[in-house]
Amino acid sequence: MPSEGQAPFIRIEGVTKDFGKFTAVKNVSLDIFKGEMFALLGGSGCGKTTLLRMLAGFEAPTSGRIFIDGQDMTGVPPYERPVNMMFQSYALFPHMSVEGNVGYGLKHEKVTAKERTDRVRQMLDLVQLTPLAGRKPHQLSGGQRQRVALARALAKQPKLLLLDEPLGALDKKLREHTQFEIMSIQERTGITFVVVTHDQEEAMTLANRIAVMDHGEIRQIGAPTDVYEFPNSRFVAGFIGSINMFEGEVTKNGAGLTISVPTLGGDITVSSDAAAVGDKVTVAVRPEKIVISRDRPEAVNAISGVVRDLGYFGKDSLYRVSLATGALVSVNSVNISRGGTAKTADWEDKVWLSFDPSAAILLKD
Amino acid sequence: MNRRPVFLISCLCFGFAFFYIPILSLIIFSFNRSRLVTVWGGFSTQWYGKLFQNDQIIKAAVLSLEIAVVSATLATILGTMAGITLARFRRFKGRVVFSGMVTAPLVMPEVITGISSLMLFILMAEWIGWPGSRGFTTVTIAHTTFSMAYVAVIVQSRLASMDAAIEEAAMDLGARPWRVLTDVTLPVIAPAILAGWLLAFTISLDDVVITNFTTGPGATTLPILIWSKVKLGVTPDINALATIIISIVGVGVVMAGIIMHRAEARRERDIQMAIAAGQ
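These protein sequence lines are chains A and B, in that order.
Going by this note's numbering, the first residue of the first sequence is number 1, and it counts up by one from there.
Going by this note's numbering, the first residue of the second sequence is number 1, and it counts up by one from there.
Worth flagging that the hints you see were computed from the coordinates, not collected in a lab.
It is possible that part of the hints are untrue.
In silico lysine to aspartate or glutamate, EDC-like type, Cα no more than 20 Å apart, as pairs [claimed, not checked]:
no. : chain 1 : residue 1 : chain 2 : residue 2
1   : A       : K136      : B       : E264
2   : A       : K159      : A       : E80
3   : A       : K252      : A       : D273
4   : A       : K280      : A       : D316
5   : A       : K107      : A       : D118
6   : A       : K110      : B       : D183
7   : A       : K289      : A       : D226
8   : A       : K173      : A       : E202
9   : A       : K289      : A       : D356
10  : A       : K173      : A       : D199
11  : A       : K107      : B       : D270
12  : A       : K159      : A       : D31
13  : A       : K136      : B       : D237
14  : A       : K159      : B       : D183
15  : A       : K252      : A       : D279
16  : A       : K159      : A       : D69
17  : A       : K289      : A       : E247
18  : A       : K350      : A       : D295
19  : A       : K136      : B       : E110
20  : A       : K136      : B       : D163
21  : A       : K289      : A       : D316
22  : A       : K34       : A       : D69
23  : A       : K107      : B       : E168
24  : A       : K26       : A       : D214
25  : A       : K159      : A       : D72
26  : A       : K136      : B       : D183
27  : A       : K26       : A       : E13
Covered by chain A, according to a simulated footprint, are these stretches of chain B (three or more residues, beta-carbon under 8 Å) [unchecked claim]:
no. : segment
28  : 156-169
29  : 174-185
Values in this document were obtained by computation on a predicted structure and should not be read as measured data.
Idealized CB from N, CA, C, for every residue including glycine.
Only chain A is shown next, with the shape it has when bound in the complex (with noise of 0.2 Å):
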């Protein structure tokens, strides 16, 4: 686990690509710390994929400097850096058995044909392949695929392992099952692993700290818990899951700030003071965070409205609520008790809903 105290495994300077006129990472600034995971968030053309190639010596930066285990990789090829790439495509050799595929990086090391066996061997009972060893990678399904290029990625036990949407080519069971696999060989083999992947759910489960960026830049780098429950801007807020957000004035600061909310049709009050008295703001509040009801409730934050829509996911609800204002709400219950009976609201009826002032988000941008 990280600590602050120790020195980064993996500093990033200042790192800015351009190609062309494009500029695809735009000064980057990170320290990752040794045995971390750690994701990088984002869309397409965020950058992340260009960071993640600087990072294996791919591309070079067009200015910055990135530190590996404190070692300059200014004009060091990829074939010299101790990291090793698990690609998106596998990349797997087609003209290779998978024994073959996993024990190509030991070929370019000082290592001793029966050592190189030993630690192939070592490496298909890691990700359970030891029957398939003689197989070629056409003979394969997606996830025996998908360990093949893990176990290739882990063969040369490098320092640092890069994995470019290490999830994304399979299918939904698969993913949970191969994500936790993952999770497992990093905690037993100790080696930093940097992720790049555009599922934000994916760097959740994955990730003991997320970078989520947007055109280039970092746009917060915290845990999980931090990046949803505390995001730092309206954009790092949408992106993380789904949300609600409402532009307001603060009108009063003590105990809370109370903020005008237009489109709320009232006074909102936030736990926070961060913000002073006529400063433009903008409150999120997360669609689990806000509790439905048919009756008024004891709260502080209370909004009444009508259920325009309703999905049912069985162990939770979608609501959609639509308030005099003619804003819509989502709102997120989940569905305790069983049976038709227990549905807090159905199409249309009137309902109130609250949330409590340390559930909401103030967002400043």
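We have chain A already, so just place chain B on it with the hints.
Using the frame of chain A, we list chain B on its own:
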């Protein structure tokens, strides 16, 4: 009974007849006893015997094969290099010009390629005294230059469809660029390289025009020999020669078909196995 199958089948028969009646008649007349090509004089294999006693034809056939093997090999080496350069080095000075020049021989009329090669050889002989005479070497060089374009195009298109991440993966695992080429790139594109070689070999083997321009006395290839013999009238031994070539091609096509069919069947089985093995 609907009429469409009848119509379609007659079209098919007509098409096959158009293709194969000339070939069939050629094969039949190669067993003709008579010296006159168009008059059937009874069955005989004498022309095959005559053919193998004809040193001129055997020599021409051997020369053609030699030229085809050497020029196809050279063209494959150069064409593969050009193809890799075009597919993998996206930006370098003069890329567009290089790309155009590599593929130009594909669309250039053979007469022009032939005459320009000839002029080059004459000028070179004048300036540097080489090549002193035209023959095996000059024909091979001319064949190499234009069949190289075919190899380059085949290799380039194979590389374009190959996942570049495979090469990056090799580099990531510690392979230096040269090892990446020999361990990964070349084995993966080997079928394309082989196809390029075969195409270059075939093109060289039956080329008449360029060979005609660049060859000299004493270096007569099989197509040139046949061409010059036919000018004096088709003789039955040419029929025999053509029959032998057709049988070689026929056997080759059938064998390739069988090999491909087997590979396809094996691939299907492998896929079934992978699915059965499940996750």
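Checklist entry - Among all the numbered hints in the text so far, which are the ones the structure does not match? => result Those not satisfied are hints 4, 11, 13, 14, 19.
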